[in-house]
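Asker: Just so you know, the sequences run in chain order W and U. Each residue of the first sequence is one higher than the one before, counting from 1 in this note's numbering. Each residue of the second sequence is one higher than the one before, counting from 1 in this note's numbering.
Check each hint, because a few of them may be wrong.
If chains are identical, the list can't say which one is meant, so a pair holds when it fits in one copy or spans any two.
Stated by the list, open to error - DSSO-like, lysine-lysine: derived pairs with alpha carbons at most 27 Å apart:
1. 336 - 217
2. 41 - 111
3. 111 - 264
4. 439 - 386
5. 192 - 382
6. 187 - 157
7. 382 - 264
Source of the hints: derived by calculation from the structure; they are not laboratory data. Being a predicted model, the structure only gives us computed values, none of them experimental.
Protein chains: 2
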Amino acid sequence: MKPSSSKKKLKTLSIHPRGFSLRAQSIEPPPIAWLMEQKLKRPNLISLAAGFTDPETLPVEETGHIVHAWTQHKSQAREILQYGTGSGREHLRILTARRIADLDQMPSTGKTHDPSKVLITHGSQQFLYLVTEALCDPGDIVLIESPTYFVYLSILKYFGIQSRSIPLQPDGMDIQHLEEQLEALKKSGQIKRLKMIYLVSYFQNPTSRNTSLAKKKAMMDLARRYESAAGHPIYLLEDAAYRELSFGQTPPAPSMLSLPGASKRVIYSGTYSKPFATGIRVGFGISPSPLHQTLCHLKGNQDFGTAEFLQAILEKALSSGTYDRHLGVIRKGYAKKSDRMCRMIQRHFPASVSWHPPEGGLYVWARLPQPNQTGPQSALFKASLKANVLYVPGCYAFGDDVLGPERQEAMRLSFGNANLKMIDEGIRRLGEVIQSIMKRTS
Amino acid sequence: MKPSSSKKKLKTLSIHPRGFSLRAQSIEPPPIAWLMEQKLKRPNLISLAAGFTDPETLPVEETGHIVHAWTQHKSQAREILQYGTGSGREHLRILTARRIADLDQMPSTGKTHDPSKVLITHGSQQFLYLVTEALCDPGDIVLIESPTYFVYLSILKYFGIQSRSIPLQPDGMDIQHLEEQLEALKKSGQIKRLKMIYLVSYFQNPTSRNTSLAKKKAMMDLARRYESAAGHPIYLLEDAAYRELSFGQTPPAPSMLSLPGASKRVIYSGTYSKPFATGIRVGFGISPSPLHQTLCHLKGNQDFGTAEFLQAILEKALSSGTYDRHLGVIRKGYAKKSDRMCRMIQRHFPASVSWHPPEGGLYVWARLPQPNQTGPQSALFKASLKANVLYVPGCYAFGDDVLGPERQEAMRLSFGNANLKMIDEGIRRLGEVIQSIMKRTS
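Based on the provided sequences and hints, a complete structural model is requested.
Answerer: Spelled out as C-alpha cells, the structure:
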C-alpha cells in the first residue's frame, strides 16, 4: 500500500506554494554536492571523499599548446568557437569509436563501435541522465550492483525509478542472484517494467572491482533470455568511466560492446574528463541506433550540444598523441598514490577492517567490522570531520532495498585528489579515529 | 475530449517495443537541429536561418591569450581544469550579478541582482530547460508571446505544457489581451495551472522587438494581481539572450529585475555565448532563492555543473575588459550587416512584404501578403532551398493555439552568420524566389 499512498501525497501537493513541479518538489540535494562543497569550503580539510582528480598532473601546458596553435590557424579556430550539431563533432565521434574498438581488441569499428551511434555529452553524467530519461518512466525498474555509483542512485530516485540491488562479487554481479531476480520479476509480471541493468564494469566506483568477461557474457545471455517476457530489449548500461585508469600493463576485459547481440541492447558510457581534465567536461556514449536518435533529440532540447571548444580540445589531444602520453603519466601517478594509500591503511587501520588493493580507478573500499557504523550521522563520521578528514559514507552507494548491515559498515576512500602527504596524514588521522571508536564499541 | 483520448493513447503505448519512456516516445526532432544540419551539410547553401554568430569576429586571439596566460600560472590553471560546484564559479557569479545590475542602472547588486541567486549553465538554453522542468508538470500552462522563440516551444511541447499565445505588439505583449487571458483562466479555475509568463524582452527572437519598461511594469502588476487566484507566484521568465547585442548608443529598457516585487517572481535568463563565442557555451540565470536552490539540485543531477574551463575563460574575459572590447566590435559588425540586409530587402523584396529594421539582435522578421505561405512544405520554401538559400519558416515561432494566417506568412532572416557578400546574394536570390511565387499566386 505504500506506493499508492505516496502517489496520493504527490497529488495533494500538486499546487505547491511556490508553484514547483511534482518532480522538483521531491528532489533532494545530491550527496555529491554536499561533499564537494565541504572540500571547497574548508581548505584545511583532507578530503578522501570527492572523486576529484589529481591536480599536479592536470594537462595545463598541453591544453595551452592546443589552444595556442589555433590562434595561428584562424579559420580552424573560428569553427571551434561556433555552434555545432547536437550529436557532437564528427571527427571526435570517429576517434571515439575507434578508440573503444581498439580497447575492445576489435579489428574494425564495425556495427557496434560505430561513429554514427556516438553521442558526445557534457561529461558522462549527462549521458547517464539522458539514457535514463529516454528509457524510464516513474515506477520502471533498473537492476543495479550493490554497492553502486552513488550519483546514479540520485538520478534513479529523481525519475521515480525502482532500483533492485544485485550483490557485487569480486568479478562482477552475482549471476545466480541476477537470474533469480529476473525470474521473480517474470513471475510477478513486473519484468515489463524492467528497462536496464546498470553496471560500472571497470575499477568500479566505489569498490574498484572489475566485471569479468565471463560475467559480462552471462549477463548478456540473461538479458536476451528474458526479453521476450519483457516485451522490449533489456538494456545493459555499461558505465566504463574508469576504464582507462588502470595501473597494470594487462588491459582489463573487453566491454560488452564486443559481445554478440550488443548492437541491440548494450549502451556504453565513457568519459574523457577523468583521464584528461575534469574542468574540460567531455563524456560520450554509444547506443543502439533508435535510442541514439532519441538521445540526440533530448540533448538538443536540453542544451543544443556539447561546447565545440571543449570537444575540439579533446579531438586534438586524442589525434596528436597528447592524450595517450598524458594517460601514461596519470596512470603511474594514481598507481603510486593507490599504493601509498594501501600501505598507510595497512599501517594505521585495525586488521579487522577489510579492504583490497585496487588495480585501477580512484578508490579504496574499506569495510569495518560490526557493529561499527560509518554513516553521516555516525560517531565515526563526526569524529573524522572533527579531525578534518572526509570520506564518503558507504550507505550512499546502496539502493533503498538494501537494509542489511552492509549499508552501514563501509567507507569509500579516494586517492584521486589528495597528494602523498595528504594521503599519509589523512589515513593516519582516520586510523586514529577508527581505533578510538572501535575501542569504545568493543 | 481530445486530451483524455491522447492520454489513453499514451497509456496503451506504455510498453514501447524498444522500451522507451512515455516522454521519449513523443519527442520530435527539434526544427533547429534540422536547420543547423542543412547548413553544416551543404557548404554552398546561404543560410539566413540558424542563429549562428558572426565567424569573422570570433575572439580567437583573445581566447588564446587567456589560455596562454594560465600556462604561466600553473596553480591557477589547475583549479580551472578541475571539477567545481553545481551553481558555478563564485567570481563569475559575482561578475554576472554586477553586470546585470549595471545594465539595469541599479546602484548596487541588492536583493535581486544577488550572486547567490545566479546559476551558471551550459548555455542559456539549459537554464530555460531547467526552469521549465522545475516549475511545470504536464498540463500546466505557460503564457508566451506570439510569435516567440521557437526552440522554447520545443521545450514546452516536450514537457507536455499548454502554451497560450498573447499577441506581440511593437513594444511587447498586448497587455489587454494578457489581462483577458488571465481573467479567463481565473474564471475557468485553470489559473492554478498557470506557472509562467515567458517573454524574450530584448531584440526578440524572431521579431527583434523590445518590450518597453511600461509594459514590463504592467505585466508585473498583472502577475501579482492574479497570484492569489493561482495560489503560487506567477513567474515572469525574462529571456534576455540578445540584450547586449544592441546597435545604438541608447541602452534598452532595464530588465524586470529592476522592478519592485522582482525578487519573488522574476526569473532572468542571460547568456555569454552569443556576445562572446557560441563554441564557449556559458549562459546564466538569476532566480528567486527557493527556485534557485532547486535549479542547482536539478543541474547537479544532470551534469554536476558547467565546465570550469569555459567559466574561467568568461570570468577572465569579463574582468579584464576583453569581453567589453569584443562586444564593441561585434555590435558594430552586426549593425553593419543588419543595415546591409535591410537595404537589400528594400531593393529586392516586393514592397508588399512588411518588415522593420532591427535595432539589435540577429534577425529581420518579414511578413508576406496573403495568400503567400512560407512553411517548410510551401512552394516558396522549396524554391528557396533549390536556389540554395535557407530561412526559418515563421510557423515554427507560433504556439499550437495560433491557427490564423499569421502562422504561415512570415520568415525569420538572420544576418548573424552570413557575411556581407552572402547577405547580398542570399537576399537577392530570396527576392527573386518571392517575386516569382507572388506572380504565380496573384
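Asker: Please go over all the hints and tell whether each is borne out by the structure.
Answerer: Going through the hints against the structure:
no., hint, in the structure
1, 336 - 217, "neither (33 Å within a copy, 63 Å between copies)"
2, 41 - 111, "between (48 Å within a copy, 24 Å between copies)"
3, 111 - 264, "within (10 Å within a copy, 53 Å between copies)"
4, 439 - 386, "within (18 Å within a copy, 83 Å between copies)"
5, 192 - 382, "neither (44 Å within a copy, 45 Å between copies)"
6, 187 - 157, "within (25 Å within a copy, 38 Å between copies)"
7, 382 - 264, "neither (48 Å within a copy, 37 Å between copies)"
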